[in-house]
Amino acid sequence: MTVTDDGIVHEVVYPHPVRRVWAALTDRAALADWLMPNDFEPRVGHRFTFRAEPQGTWSGIVRCQVLELAEPRRFALSWAGDPPLPVTTVTFTLEPVEGGTRLRLEHSGFAAGGPPALTVRDILGQGWGSKLLRERLPALLDRMAAEGHG
Amino acid sequence: MTKTAKHATEDVFSAIAHPLRRRLLDLLAEGEQPVNRLAMPFEVSRPAVSQHLRVLLEVGLVSERRSGRERRYRLHPDRLRDIRDWLATYDRFWQERLTALGAHLDKATSPPARGVAQLSRSPKEGEQ
Numbered sequence: 001m002t003v004t005d006d007g008i009v010h011e012v013v014y015p016h017p018v019r020r021v022w023a024a025l026t027d028r029a030a031l032a033d034w035l036m037p038n039d040f041e042p043r044v045g046h047r048f049t050f051r052a053e054p055q056g057t058w059s060g061i062v063r064c065q066v067l068e069l070a071e072p073r074r075f076a077l078s079w080a081g082d083p084p085l086p087v088t089t090v091t092f093t094l095e096p097v098e099g100g101t102r103l104r105l106e107h108s109g110f111a112a113g114g115p116p117a118l119t120v121r122d123i124l125g126q127g128w129g130s131k132l133l134r135e136r137l138p139a140l141l142d143r144m145a146a147e148g149h150g
Numbered sequence: 001m002t003k004t005a006k007h008a009t010e011d012v013f014s015a016i017a018h019p020l021r022r023r024l025l026d027l028l029a030e031g032e033q034p035v036n037r038l039a040m041p042f043e044v045s046r047p048a049v050s051q052h053l054r055v056l057l058e059v060g061l062v063s064e065r066r067s068g069r070e071r072r073y074r075l076h077p078d079r080l081r082d083i084r085d086w087l088a089t090y091d092r093f094w095q096e097r098l099t100a101l102g103a104h105l106d107k108a109t110s111p112p113a114r115g116v117a118q119l120s121r122s123p124k125e126g127e128q
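Read top to bottom, the protein sequences are chains A and V. Under our numbering, the first residue of the first sequence is numbered 1, with each subsequent residue one higher. Under our numbering, the first residue of the second sequence is numbered 1, with each subsequent residue one higher.
To be clear, the hints were calculated from the coordinates, so they are not data collected in a lab. None of the values given here were measured: they were computed from a predicted structure. Just so you know, even glycine gets a beta-carbon here, dropped at the ideal spot from N, CA and C. Misleading hints may appear alongside valid ones.
[Said to hold, decoys possible] Chain A is faced by these chain V residues, among others (derived, beta-carbon under 7 Å):
| id | residue |
| --- | --- |
| 1 | Leu98 |
| 2 | Leu101 |
| 3 | His104 |
| 4 | Leu105 |
With these hints in hand, go ahead and build the complete structure from the sequences.
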């Protein structure tokens, strides 16, 4: 995982051609197989829902809308999990590389919502939260453990 | 007497949304502080600062204890760890799903019982 100012990024290289990866990203049955059961249609503006088994405090429901379908390179959808977490954006970008396809997944938009989202940006970005979490939190937790609080 | 509280991670998000409360946490990261010293750098009334401290107390980011006539506050950074863990949940979710995508792609093109796709993770792995 890479942390950006606005979300998280994963990159994976699959030993398959771009068109095959694209098909797996933009087909209802394929999405159900590797992601979650859904009523997806490959049409910009289409609203659909992923429904998984509830897990812990998560309802298992994600409400989505197709934002961009630039075959076979870029597929973006809005991603609304349980409130009060912000409506975010998931973007798949495909790039042909030697021996296959590099898939870049970016889950972003944490800075776009209300106050809770802004704090997520603080945590992910270069601001206060990031500095505290990345530089000071480990030391503070160590100190707590040493003092018998952790 | 020490008071702390357990609340949902979302409440921690709301608690640290306010810049003054983040500055209070920064001050408390230096160590336990009496309320008078915490109120000093701010151009707001001491009751207002106490109210912000109350919010931090309610979500468990700080604890409070009385020492003689003063109230002293202490940072509890494990609540911030909860937020980091929440982001790590998304990270794990996508990591698992993208591995499943590799298996799906292999299944669609190869005879059954072939292994999963070779995965190449981002070099910045471990950033959580």
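State the violated hints by number, sorted upward, taking the hints as numbered earlier in the document.
Failing hints: none at all.
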